[in-house]
Amino acid sequence: MITVSHLSKTYYNPDGSILHVLKDVNCEINPGEVISIIGPSGTGKSTFLRALNLLDPPTGGSIVFNGENILAKDYPVHKMRQKVGMVFQNFNLFDHMTVLENVMYAPCKIKKESLETAREEGLALLRKVGLAEKADVYPASLSGGQKQRVAIARCLAMRPEVILFDEPTSALDPTMVGEVLSVIRQLAKEGMTMLIVTHEMKFARDVSTRIFFMNEGIIYEDGPARQVFEKPRRSATKAFVQRIRKEVFQIDDPDFDFPGMETRIRRFCIKYNIAEKCEPAFQACQLMLKEVMSAYMPFTLRITHSELSADTSLDFMVEGLESSPLAAPGVSPAFLEQLRSLCKDIVEEPTTRGFRVKLSL
Amino acid sequence: MKKLLLFFLLILSLLSCSGGSEQGIVLQSEADLSGLRVGTVSGSIYDLQLSSRKDITLQLFNSESDLLQALKNRKIDVAVHDEVVFNAVVRKENGIKIALLEEQAFPTAFMMRKDNSELAQTLTAIQERMEADGSMQRLKDYWLTDRYTQESAYSHIPAEPSGKPIRVAAATDSSPISFLIDGEWYGIEIDLLRELGRELHRPLEIKRYDSGSCIMAVSSGLADVLCGCIFVTPEREEQFLFSKPYHSYHPAYFVLDTEAGMERESLITGIKNGVRKNILVENRWKFITDGLWETLKISFLAILLGSLLGVGLYAMAHSRRGWMHAFVKLYNGFIAGIPELVLLLILFYVVFARSGVPSDMVAVMAFALFFASGASDIYETSLGAIPHGQTEAGLALGFTRVQTFFHIVLPQAIRRGLPLYRGQCVSLLKGTSIVGYIAIQDLTRAGDIIRSRTFDAVIPLLVVTLIYFLLVWLIGLLLKLATPKKKVL
Chain F
454 MITVSHLSKT YYNPDGSILH VLKDVNCEIN PGEVISIIGP SGTGKSTFLR ALNLLDPPTG
514 GSIVFNGENI LAKDYPVHKM RQKVGMVFQN FNLFDHMTVL ENVMYAPCKI KKESLETARE
574 EGLALLRKVG LAEKADVYPA SLSGGQKQRV AIARCLAMRP EVILFDEPTS ALDPTMVGEV
634 LSVIRQLAKE GMTMLIVTHE MKFARDVSTR IFFMNEGIIY EDGPARQVFE KPRRSATKAF
694 VQRIRKEVFQ IDDPDFDFPG METRIRRFCI KYNIAEKCEP AFQACQLMLK EVMSAYMPFT
754 LRITHSELSA DTSLDFMVEG LESSPLAAPG VSPAFLEQLR SLCKDIVEEP TTRGFRVKLS
814 L
Chain A
3 MKKLLLFFLL ILSLLSCSGG SEQGIVLQSE ADLSGLRVGT VSGSIYDLQL SSRKDITLQL
63 FNSESDLLQA LKNRKIDVAV HDEVVFNAVV RKENGIKIAL LEEQAFPTAF MMRKDNSELA
123 QTLTAIQERM EADGSMQRLK DYWLTDRYTQ ESAYSHIPAE PSGKPIRVAA ATDSSPISFL
183 IDGEWYGIEI DLLRELGREL HRPLEIKRYD SGSCIMAVSS GLADVLCGCI FVTPEREEQF
243 LFSKPYHSYH PAYFVLDTEA GMERESLITG IKNGVRKNIL VENRWKFITD GLWETLKISF
303 LAILLGSLLG VGLYAMAHSR RGWMHAFVKL YNGFIAGIPE LVLLLILFYV VFARSGVPSD
363 MVAVMAFALF FASGASDIYE TSLGAIPHGQ TEAGLALGFT RVQTFFHIVL PQAIRRGLPL
423 YRGQCVSLLK GTSIVGYIAI QDLTRAGDII RSRTFDAVIP LLVVTLIYFL LVWLIGLLLK
483 LATPKKKVL
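One line per chain: the protein sequences are F and A, in this order.
First residue of the first sequence: 454, per the working numbering; consecutive thereafter.
First residue of the second sequence: 3, per the working numbering; consecutive thereafter.
Among the hints, a few may not be true.
[Stated by the list, open to error] Quick list of in silico lysine-lysine cross-link-like pairs, PhoX-like style, CA-CA up to 25 Å: (1) 655(F) x 562(F); (2) 94(A) x 564(F); (3) 489(A) x 587(F); (4) 94(A) x 116(A); (5) 587(F) x 562(F); (6) 487(A) x 587(F); (7) 526(F) x 581(F); (8) 581(F) x 562(F); (9) 536(F) x 564(F); (10) 487(A) x 562(F); (11) 655(F) x 581(F); (12) 279(A) x 99(A); (13) 487(A) x 565(F); (14) 99(A) x 166(A); (15) 724(F) x 655(F); (16) 299(A) x 209(A); (17) 564(F) x 487(A); (18) 532(F) x 565(F); (19) 565(F) x 489(A); (20) 116(A) x 99(A); (21) 536(F) x 562(F); (22) 562(F) x 94(A).
For the record, the hints were derived by calculation from the structure and aren't laboratory data.
Bound-form chain A, shown alone (with noise of 0.2 Å):
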C-alpha cells in the first residue's frame, strides 16, 4: 500500500512539473485564436459562441478547476472565461494572465422559471433600492475591487431562521461570485441572494450544480433560482425569467505567463504546501469527511435496501407465477442496459423532481435498484449452488422448512457468495462517486470543491483515492467479520 502510494505520488508530481519554455501566446483580437486549442466551460455562454467556430479546437470542461488545470498543463493554449472568475489573485498563484479582455461585457443576473416572477420582482426591487441607496456600490467595492487582491473578513448577513426554504442553484464555486467556505457559501451574488431572503423571511439553502446541469435544475422546478455569474442572453430570456442584472462581466481570453516564471519547489515542500493549501486551510478537510460521511451513508443505506430488494427480486425469481419471472427478467434486462448516471439523473430530475425527496435518498434509491439486481443474481448463484439434497438431509433429520433453510443451506450459501458480495459492495461504493450530478457532495465531489478553491488538482485527488482505498479495504474486513465462523456448534 505504502509503495504504491509513493509510485502515485512520483508520477503524479513528474506530470505536474512537465513542460517547457515556449514563446508566449499573443491575442490582438477574436480572430488570432484560429488554430488554437481553446478551453472553456461546457455549458457557459463561450461553449454556445465558440462551438460555432471551425477553425479552433475547442475543449469543454466541467468545472473552473479543470479549465484552469488543462491550461496550465497546456493541454490547451487558450482558456475563456469570465475575468472576474479567474482573478487577479488566482492569476497570480497559478501563473496565467488575461491574453485579451474583451470589451464587450455581459449583463450578469438571476435565472429563475418563468412562473416565479414574484421572486424576479423582489430581486430586482431590492437591487433598485440598494442602488439608490449607495448599498450596491459599497458590495461591489467589497467584493469586485478589494476582493479581488486582499484577503479580509468574508461579508456575511445573517440568515433567516425558518420558513420555506429559498432554493439556490450555484453554478459556480469561485470567489468572489459565489463560494463555499467551511460549509458556508460567501459570494456577492449570494449576499444579494440573502438580501432577498432577508425581505421574505426566507432562508437559503444552497447547493452546488454542474455548470451542465445546473440550467436543468431550475428547468425541472428542483431549484428556485440560479446565481454563478448567468448572463443575460435572448435565448435565456426566451425561455427563463431574470431579475434586473446587477452587473456586467467581461470575458477574457487567458494564457500561460511564460514570463512570471513560476518557481519550483522540492517534492517535499510541493507536498508539505499542497496539504496545508487544500487540507488545512480554512477547514478545508470538512469537505472531506462531510464527503465521507455522505459517501458512506449512501452506499450502506443503498447495499442494505438493495440487498432486501435483491431478496425480492429472487423470490419472484422463484414464485410459481409467470409474469413474476417477466417481470425479473425485464428488471435485469433494463437494469444491464442503463448506466448508472443516466438512470440517477432520470430519477432525480424526471422522476423525483418535485416530489421533495431529498436528493441523496434519491441516489439511495437509484444505487439499491442496481445492487438489487446484481444481489439477486449472487443468491441466485449461491444459494443454486447448495444442492437439494442438503435441504432434503435436514428435513428428513427433523429440522423444519425454515429451519433447514436457515442452520443448514443459508450457511453454506454465504460462503460461497461472499466473494461475489464482497465485489458488488465495493462496485457500489466507487460507482457512488458520481452523485456529484444531482447537487450531493460526496467524497468525490469534496474533492472537486478543494479543487475549485485552490485550483490544484494533485493533492485532492490523492487524498481521495486513498480514502477510497482504505474504504474497500474496510469493507474486505468487515464482511471477513461477517463470514460465518468454522466451526458451526
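The shape of chain F in the complex, shown without the other chains (with noise of 0.2 Å):
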C-alpha cells in the first residue's frame, strides 16, 4: 500500500546546523495493518508521519502511495490526502463549525455529496465514537478527549484507506485517554490500516500488529508488537521498553504540599495504567509519612513503574542515613503490620549516598 525508501528530513537551522531528523527511513505498509511507532522523543516520529501525507515534505528518497509516486512533481497531492486520514495530537477542530458540520464540512465540499447523505453519515460516524448527542454544540464547549473522538469521526468521514495518528493522546488530560484508545482499538477490530504514533506503551503492545521502534532518524527496529516487546533484538530497543516510569518528590520540611503530591500520584497511576495501585500508594504513603518519615525530614520520595513488568514501587531514601528507618526503636509493631498488609514486598538496603526504603505495591 505505501512503500517507504531511503526517506530523509534535513532542516537547516536559522543559525547555519543542520539537523537530519530523518536519516534513511525504510518500510513497506500493508493494508490492514496496526503500526505503532514508538521511541523516545525527538527521534522523528512525528516527522516520519508527517512526511507520509506530505505535511512535512521529506529531502529525500521515495514514498510510494498505491503504486504512485507521490513526491513525483505534479502528483495531486491533495487526492492522495483525501485517502490517507489524519488524526493530530491537538485535534484540530474547525472552531466556527459544530460537531456535526466539521464532519460532514470535508464530504459536502470535497466529494461534493449531498447535505442529507452527508449529514446521515455524519450523525452515523458520530454514533460510533460516542457522540451523536453533541452533533450540535460548539468544539469549544466538549473536553479533550471528545474533542479527538470529533477529529476520528471527522477523518473517517472521507472514507480513508489509512489513517495517521500523530499522538492522538499526548495533549489529553490522562483521565481522558481511554476513551480515545478504545474508538481506536475499534477501528483496529473493523481491519483499518493505521499507523499510531504513541507514547502508550501498553496500548501499543495490546492493539498493534506491528511495532516500528524509531531512534536516531530511522526505524532502529521493525517487528511483531510481542517480539519488540519482548524480546527486542536490539539493545536500545530493549532499553527502551524496559525503561522505567517515574516521578520524584523532594520533601524538605513539613511545609511541603502533600495535596498536590496526591494528585500527581493519582496522575502517573492513571497516565500508566495502574489506577488500582492508586489507593494503596496514598495509604502506604500516609501512613509512613505520620508513624516514621516525618523524623527524617530532608528526604526524597520516588514512585516508579515499569511499564514492561508491570511493577510499581515507593521509595523513601533519606541521605547520609545508616540504618533503616523502619528497624529504628518506637517503631509500633502494629505499623509495621498495617504496612506490611499494604505491600507485596518491603525492602531496606543502604545505597551509595544514605538509605533507602522500598514498598513493592
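Each chain sits in its own coordinate frame; assemble them with the hints.
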C-alpha cells in the first residue's frame, strides 16, 4: 500500500547548523496493518508520519502510495490526502463549525456529497465514536477526549484507506486517554490500516500488529508487537521498552504540598494504567509519613513503574542514613503489620548516598 | 440617538444665545485697536499688516463666516475685513456695524503666475474696453450698489460650451465678489472672468480654495487664475502677475452693533428659521447632498483600494524576500508618522500638482495609502490569530491550499477582524472631512459653504454632524451584513 524507501528529512537551522531528523527510513505498509511507532522523543516519529502525507515534505527518498510516486512533481497531493486521513495531537477541529458540520464539511465540499447523505453519514460516525448527542454543539464546549473522538469521526468521514495518528492522546488529561484509545481499538478490530505515533506502551502492545521503534532518524527495529516488547533484538530497543517511569518528590519540611503530591501520584497511576494501585499508594504514603518519615526530613519520595514488568514501587530515600528507619526504636509492630498488608514486598537497603526503604505495590 | 440630538441642540442654542450687553467699541483710528482682540482671515493682507502689531491680540480664521461668528459670539472685539464682503445686507442680518472705514482703498485684480501673461493681457484689454463703452460702470452699479440692498436676479453671462477650461481658484465665497448658489458661481469677478472666457472661447472651471491655500493653488499650477477680492500688493507683484485692477475696496473695522438689539427668537422658531435659511433657500440642501455623495465616493473608493493595497502589503510582509519586509516596515513607519492632512497636501500640491489627476482621485489615493497600512495590520492580527493547525487539518482532509484558505481560515479570520475593520472604515470616513483643503466639496465643506452664505453656524454644523452619525451607523450595518453566517453548510 505504502512503500517508503531511503526517506530523509533535513532541517536547516537559522544559525546555519543542519539537523538530520530522518536519515534513511525504509518500510512497507500493507493493508490491514496497525503499526505503532514508538521511540524516544526527538527521533523523528512525528516527522516521519507527517512526511507520509507531505505535511512536512521529505528532502530525499521516495514514497509510493498505491503504485504512484507521491513525490513526483505534478502529483495531485490533495487527492492522495483524501485517502490518507490524519488525526492530530491538538485535534485541530474547526472551531467555527458545530461538531456535525466538522464531520460533514469535507465530504460536502470535496466529494460533493448531498447535505442529507453527509448528515446521515456524519451522525452515524458520531454515534460510532459516542458523540451523536453533541452533534449541534461547538467544539469549544467539548472536553479534550471528546474533541479527539470528533476529530477521528471527521477523518473517517472521508473514508480513508489509511489513518495516521500523530500522538492522539498526548495532549489529553490522563483521565480522557482511555475513551480515545478505545475508539482506536475499535477501528483496529474493523481492520482499518493505521499508523500510530504513541507513548502509550500498553496500548501499543495490545493493539498493534507491528511496531516501528524509531531511533536516531531511522526505523531502528521493526517487528511484531510481541517480539519487539518481549524479545527486542537490539539493546537500544530493549532499554526503551524496559525503561522505568518515575515521579520524584523532594520533601524538605512539613510545609511540603502534600495534597499536590496526591494529585501527581493519581495522575501518574492513571497515565500508566495502574489506577488500581492508586489507593494503596496513598495509604502507604500517609502511613509512612505519619509514623516514621516525619522525623527524617529532608528526604526523597519516588514512585516508579515499569511498563513492561508492570512493577510499581514507592521509594523513601534519606541521605546520610545508615540504618533503616523502620528498624528504629519506637516503631510499633502494629504499624509494620499494617504496612506489610498494603505492600507485596518491603526492601530495606543502604545505597551509595544513604538508606532506602522500597515498598513494592 | 434622539436624546443625544436634543441635548446637542440645547447646548448649541444656549451657546449662541449667550452674552450680555456692554458698551459698544468706538474706533477713531487704527491706533485705537490697541489692547483689543482683533480677528481677520488668515492669509489675507490684513493678516500680514496686523501680525506686526504687538499691542493687539490677533486671531486668524479660515473663512469669513468663522470670522463673523467669532465677532458675534464675542470671541473677538473687532473684525478686520473688506467692507464689500460684510456688506450692508450681511451687517443688518448679523447685527454688526462698521466702526471705522479706512480711507485708503486697495486696488483689486486677478492674480496669475508670471508665465501666464496671455490671460493677464486679455483681462486687462477686456476691462479697458468695458470701461470705454460704459459696461464696466453698469456692472459695478449692479453688483456694488444695488446688490447691497436688494435681492434681484443674478447676472449671468452664458458659459462657453467647450474648449480647454480656464481653471479659476476662488479665494472667497461671499456676495458680491464671487459666490456659489445652487451649484453656480456668481459675482462681479465671476462676470469679468466669464467675459474673459467668451473672449478666449474657453469655459470656466471654478473651485473654492481656502484663503490659506489659494495662493499655493496658483503657484503650484493647479489653478490658472485666482479671484476673490485679491489686493495688489508690492510683495505679491514680485512673485505673481496681476491684471489691471478693476476696482479698489476699503478695508473696514467691524464691531457688534449693540444698539441694533437682535431680537430673540424662541428655540422652535429659531430652528425653523435656521432650517429654512440654511437648507431650503436657494436649494442649499443641494450642497449637502452633493457633499454627501462626494464623501461617500471618496470613502468607498479609498476603502476598496486601501483594502486591496493592504492585501499587497500583507503579502509582502510574508514574502521570503528580506527587502520586501524592509519596505513594509518603512511604509508603515512613514504612514504612522505623517498626519493625513499633510500627506493629502503633499500629494495634491507637489506630487500630482500638474498631472491633471482630479482632486477627488488624489484624495482617494491619499486615504487608500493610510487605509492600506491599517488594513494590513488587521489582516495580520486576524489571520495570525488562526492557529496553523486549522490549515493543516484542512490540508490533511484533502482540501487544496487555496480551498483551505477560503473555506476554513478566512471565515474564521473575518469574524475576528471585522470589528477592527469597521473601526478603520469609520475613522477613514470621518477623516475625509479634511478633503476641503484640496478644493473638494465634501460633506464638511458643504456645511462650510452654507455657513459662508448664511453666516449661521448652528444648523449647517448640526445637519452635517447628524449625517456623519447616520453614515457611521450605516457602515456598521453594512459590515454586519457582510459577516459570514453562523451556519457554514
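Status of the hints after comparison with the structure:
1. 655(F) x 562(F): violated, 39 Å
2. 94(A) x 564(F): violated, 81 Å
3. 489(A) x 587(F): holds, 16 Å
4. 94(A) x 116(A): Distance of about 41 Å is beyond 25 Å: violated.
5. 587(F) x 562(F): The given pair, whose Cα atoms are some 22 Å apart, holds under the 25 Å limit.
6. 487(A) x 587(F): Holds, because 21 Å separates the two Cα atoms, which is no more than 25 Å.
7. 526(F) x 581(F): violated, 39 Å
8. 581(F) x 562(F): holds, 23 Å
9. 536(F) x 564(F): holds, 12 Å
10. 487(A) x 562(F): holds, 17 Å
11. 655(F) x 581(F): It holds: about 24 Å lies between the C-alpha atoms, which stays within 25 Å.
12. 279(A) x 99(A): holds, 22 Å
13. 487(A) x 565(F): holds, 21 Å
14. 99(A) x 166(A): Given that 25 Å is the threshold and the Cα spacing comes to 44 Å, the pair is violated.
15. 724(F) x 655(F): Holds: residue 724(F) and residue 655(F) sit about 11 Å apart, inside 25 Å.
16. 299(A) x 209(A): holds, 19 Å
17. 564(F) x 487(A): Since the Cα atoms of residue 564(F) and residue 487(A) sit roughly 23 Å apart, the hinted pair holds (cutoff 25 Å).
18. 532(F) x 565(F): holds, 14 Å
19. 565(F) x 489(A): holds, 18 Å
20. 116(A) x 99(A): violated, 39 Å
21. 536(F) x 562(F): Within the cut-off at roughly 15 Å; holds.
22. 562(F) x 94(A): violated, 75 Å
Checked against the numbered hints given earlier, this structure breaks hints 1, 2, 4, 7, 14, 20, 22; the rest are met.
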